[in-house]
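Colleague: With the hints as extra help, turn the sequences into a complete structure.
Number of protein chains: 2
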Amino acid sequence: MKKIIDTVETVVDQALDGMVVAYPEYLMRVPGTSVLARAVPKEDGRVGIVSGGGSGHEPAHGGYVGYGMLDAAVAGEVFTSPTPDQVYAGIKAADHGAGVLLVVKNYTGDVMNFDIARELADGDGIATEVVLVNDDVAVQDSLYTTGRRGIAGTVFVHKIAGAAAEEGADLGAVKAVGDAVVANMASMGFALTSCTVPANGKPTFELADNEMELGIGIHGEPGIERVPMMSAREVTNTLFQRLVGELSLARGDRVAVMVNSMGATPALELAIMTAHLNEFAQHAGIVLERVFMGEFMTSLEMAGASLTLLRLDGQRATRLGAVADTPALRIMQR
Amino acid sequence: MKKIIDTVETVVDQALDGMVVAYPEYLMRVPGTSVLARAVPKEDGRVGIVSGGGSGHEPAHGGYVGYGMLDAAVAGEVFTSPTPDQVYAGIKAADHGAGVLLVVKNYTGDVMNFDIARELADGDGIATEVVLVNDDVAVQDSLYTTGRRGIAGTVFVHKIAGAAAEEGADLGAVKAVGDAVVANMASMGFALTSCTVPANGKPTFELADNEMELGIGIHGEPGIERVPMMSAREVTNTLFQRLVGELSLARGDRVAVMVNSMGATPALELAIMTAHLNEFAQHAGIVLERVFMGEFMTSLEMAGASLTLLRLDGQRATRLGAVADTPALRIMQR
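Just so you know, the protein sequences line up as chains A and B, in that order. According to this note's numbering, the first sequence is numbered sequentially starting from 631. According to this note's numbering, the second sequence is numbered sequentially starting from 631.
Keep in mind that the hints were calculated from the coordinates and are not lab data. No false leads were slipped in.
For identical chains, the list gives no copy identity; a pair is met inside one copy or between any two copies.
List time: in silico SDA-like cross-link candidates among lysine to any residue, alpha-carbon distance up to 20 Å:
1) 672 - 654
2) 632 - 834
3) 632 - 852
4) 632 - 830
5) 672 - 697
6) 632 - 826
7) 672 - 726
8) 632 - 835
9) 632 - 857
10) 632 - 836
11) 832 - 852
12) 632 - 860
13) 632 - 856
14) 832 - 858
15) 632 - 833
16) 632 - 837
17) 632 - 858
Modeller: Have a look at this one:
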């Protein structure tokens, strides 16, 4: 295992400290916890938003803490759900008196631990709601999930629900906004290589030199199919057509798209996929209104990518384009 | 070779198109060239700035085209200097009537081709100046260079010279600002793995499972030393002490630091390095005034990182923090 680490036990703890060193104007670490919260003072009366999950998906989720997105992010160990007490600490950090929305990717451990944390918050009189993200259309049930998994599309929920919270919407309304994002979104990924979880010390799976895996999750869970290496054009088309079908997109529909690197895949290759997407979308008469290309939800140093399509209406488009200022995603006033 | 591409011949051309699809509000491609220029209309009377070089270092350099940084970026094939006519097209795209500064990394091919392009521009009456970036302290001469190589610190030149150009400084002044950045900056990198140039189809070099290479360049050029794998703390300390010595930094000095992934190294590992840097800087009494952590100047999917230190004075600090709005680096009004 070749990694720039000291010990496998201290990876996440040290990295959280490093995030604060890199982004002191955005982030503070809640003492004694694995919670990164906004460095700026709380505003009373706004709905707070918390997300989180296992580490290894950076910039998710600490990179999305800041104006217009999250109030706090809770980090578990690599590919491991954060414990309920950590999530509870995140809820408290995000509470401005108007309740807290939890954005949870659909993995059994995350769902359970965020649920227990809600009970703890309930005991404190903090109202909570959950948006459960299950955008990965590849598999119905998986090693770690009942139902679909949550992957990169989670970032669209952060962004759009975050904009609604900044507008002053109440907890029920912010949850409804988040749920509507989930209902209008579909993702699918693929891998060219595995990644190595520090605590395991060896790659999670093996792929031959001429193989790729379609429908891979963000933890090296099995996908739906091992196939011979496809060209950029072929794999982009395969994912795009599948997602268009899942969302029943029709000519004239407006979408936002996320072309997400799983970690090791260079920007050059993402850009080639993006060029093809544009061509396929034009051919289908679908309007690519906003394109997000880069590393948004990674799997350590896995090579591969995922594609997310989000159907836009006027309000979602406005909220997606609203000013946000976080370490990993900044949308400036134009 | 596992890459998301169609053919090795079309990698750069397709990726340039994809960049424009992803960032239409920032970038346009000058027709028939490998030049990405600002999508917004020119402002007359401002000094233009052009950078460029081989592709494979994304987000360098197209990702730095935009307000407060570059006017145009010229892309060569992967790890190959752009031809003089391409550079010349970049100069023309960046010319607003006040001359054009070329930011050139010190590689023999780049220096030669940018030089020929200057002659072409001279024939058109476009005044040009060059800032030659040679921040890599690892090796004095290399496979591709006479003197030191230019690596990730180049991005600091883009940012600070870019701010001076936006202020309305004249060509000589913008060059002087850029030269002063180079004079006060030092970088050094290391690799855990090689990368694979598409046209070669196999890794440029091999490293054993327990080896790393110190002083690596951004094209897989040899470094200064193969050493057994070091811990994050050890390698960060090794680079930091070397750079502090090179710049003769003393207690009370203010610096900006860039912790740059070579491509495959995850943010988690960069953050661990950053946490150590903070500790070492505090111990040395050096003020880490600004930290840039992420992918700024990559080598395809190489695993490893580089560290850059830039000595700050009041003016460089102000210009480094000035508003910029580009695909890869956005600094918002606070």
